[in-house]
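Participant: Residues per chain are reported as follows:
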Amino acid sequence: MTSSDDLEAGLLALGESLDVPSPPPADVARAVRERLESPAGADRSPAPARRARGAPRSGARLRGRVVVSAVAVLLALFFGATPVGRAAVVEVLRFAGVELRIGGPGPLPSGVPSPLPGERRVTLEQAREQVTFAISVPSRLGRPSEVRVSDGGRVVSLFWPGVRLDQYDGALQVVFRKELGPPWPQAVNLGVSGQGWWIPARHGLTYLPRGGGEATARARPADPTLIWQRKGVGMRLEGVDDVHEAQRIARSVL
Amino acid sequence: MLPCCEICHDIREGAPTDDDEAIARSLAGDLAAYEALVTRYSTLAHRTAAMLGAGDEAEDVVQEAFVKAYRHLGTFRRDAPFRPWLLRIVANETHNLTRSRGRRAELVVKLTEADHPGGEVPEDVAVATDRRARLLDAVRTLPERERQAVVCRYFLQLSEAETAQVLDLPVGTVKSRTFRGLARLREEVARDLI
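In order, the protein sequences belong to chains Y and D.
Quick note on UniProt numbering: the first sequence kicks off at 1 and runs consecutively.
Quick note on UniProt numbering: the second sequence kicks off at 1 and runs consecutively.
Hint data in this document are derived by calculation from the structure and do not stem from the laboratory.
DEER-style ranges, computed between Cβ atoms: (1) ASP27(Y) / VAL127(D): 33 to 43 Å; (2) ALA24(D) / GLU129(Y): 37 to 47 Å; (3) ASP6(Y) / ARG140(D): 12 to 22 Å; (4) ALA13(Y) / THR141(D): 11 to 21 Å; (5) ASP56(D) / ALA187(Y): 39 to 49 Å.
All values reported here derive from a predicted model rather than from experimental measurement.
Beta carbons: idealized from backbone N, C-alpha and C, even for Gly.
Looking at chain Y on its own, in the form it has when it is part of the complex:
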């Protein structure tokens, strides 16, 4: 009769003699890192948003608009879902160059905001020379107290006391990632700028460097934010606590 100890020892020895082929760990690590770094990062994103990323070459603007609308519709459908339905899932959705990761009320990232890659302080005039898109200044806020250009002209940040407005190139690429739980973002009407999304609570914000970038992406806590799009330029207004005031500022971008 085989004793229990013999059997258990036999199983342990058997386990050690079993051959499980696996690729070199360093290769696996590299493959995983590539997937995490790819601007796609689209593994969990729904199909329309994934198509939106495959930046169209021709007729980009028109198709871009169609795609953005499709994403907006999808967002509307998603956020319009029953509370039970939306609380259960973790979803990744994209709008105006911002990826929203929506799920449970995860912990806010700690740590102080670090500058964006290559961030430099410039004048508004210098900024206009250094970026390829038109920089808008909301008349409601007036002339910014500070202007910074980052990541080789991909992002321009305008500052007023307590308020920050990021404007960024290429709304078809994900530029910022936001991680949030309830309360959920809400759609707001911005007149000629169409629809925007209001994120009413503090949340995690990560800047995703151009081309996927190195390991510079660090999440920081962000204040309530309004995101929208203006003539193909992504806009992210942070630090205005009242949605109506944020809307008025967005509408004053002419």
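Starting from the known structure of chain Y, arrange chain D on it as the hints suggest.
Facilitator: Below, chain D without anything else, positioned relative to chain Y:
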């Protein structure tokens, strides 16, 4: 001799030295630290996926699991061990795969030519190999629930608590399934010896 904190400080300049540090750095966006974590657990993750039924798709399962683990790292409780948390994701991915394929989770592994201490005569080696092959067959034919408990406890050498976490079961259930699995194996082995 250097005081401890200086040693730690020196080490921290290079690759992350323990899971907690690697996780902290990964959470801060340091993908090189996460790469180190992936490298550390890659082989065990493949072993787990293959033994829980991912078969030749273990590589896909493991990559997916590591990507998901990174994305959910914020939900990982830092005072808990990382290994069973990661393997739970691997087990989950494996389960999703086998379920989507509508197939039974087979134990797909091969016996290797194990090293034998010198002095053994070829006949003894053959007998030992044969005994292993029979035991493996017996494990393969266990009911899936019992087999997974036995695989985790003996082939992956996880503790009862780790097994419970990886298979998402109460510890008591792990104990009883392991016990029943062992009893069944004992019967099989005894039958072979007759």
